Amino acid sequence: MLLRSALLGSLLLHLTLGAAVCDEEKFDQVAGTLLLYSTTSNTQPVDKAGLEASCMSDNKTFEWIEDYTRTCIKGVAGGVMRLLLDSSGEELHGRCYGEKQTEYLKHTPCWNTASAELSACNKEMTALMEAAVKLEKRQHLLAHSCCSIQTYSKCMETRARAKCPEEAAEFLKDMVYRIGENLLDGPCGKFTPESKECTELPKPMIPKKLKYRSFVPAMINVLNHYG
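With mature numbering (1 follows the signal peptide of the UniProt record, and there is no 0) applied, the sequence shown corresponds to residues -18 to -1, 1 to 209, in that order.
A couple of the hints might just be wrong.
[As the list claims (entries may be wrong)] Taking lysine-lysine and the DSSO-like style, the derived pairs with C-alpha atoms no more than 27 Å apart in a straight line are:
#1 K42 with K116
#2 K88 with K155
#3 K172 with K119
#4 K116 with K136
Hints in this document: simulated from the structure, not taken from any laboratory. A quick note: this is a predicted structure, and the numbers were derived from the prediction, not measured.
Start from the sequences, fold in the hints, and give me the full structure.
Printed below as a string of structure tokens:
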């Protein structure tokens, strides 16, 4: 019954998405698929049937995001988004069809107990990104984007370690790294949370109300201002 509901949900999502048009709000609704625990209600599957349904849904959504990126995201933002899609797509394929399935399902029950704490990482980074748009100096925009990605990665690791065994926290750390690998090892490589490039950035005023659900569209908005 649960599997049938999940498959139906996947089909309805695919029909709802349709062809990508340049609708930022719709992009915001689905961009969290690229992340783990993008909302407090976003849990990971705990068995193979759930994983199969989740992968079917995620792959359809991923295709829509790829189409949206090709059609609607240009310049530096488009380049960054393509890097993110390449690495997150590889991670998704490995999780769904590769040898990491068994270990992934071993750890998801514990991660799910920390979903509120993990989703808070996304919310905090989204707030930083929305605040960064208002910075006056153009060069600070790219730095803030990279520092936020690195900080998000560290946040997920730290909060997983607070609730889960070392093995589960380490697997999540590696998984988050694989999702953002092309950025973390590429243009954002030097922007670690402890680096001078990040610690000396001006601190933007955090908004009380967020516009975006996920820091991915918030980051793209910042990079669109960068050029």
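Here's how the hints hold up against the structure:
no. : hint           : result
1   : K42 with K116  : violated, 34 Å
2   : K88 with K155  : holds, 15 Å
3   : K172 with K119 : holds, 19 Å
4   : K116 with K136 : holds, 25 Å
Violated hints amount to a single one, hint 1; each of the other numbered hints is respected by the structure.
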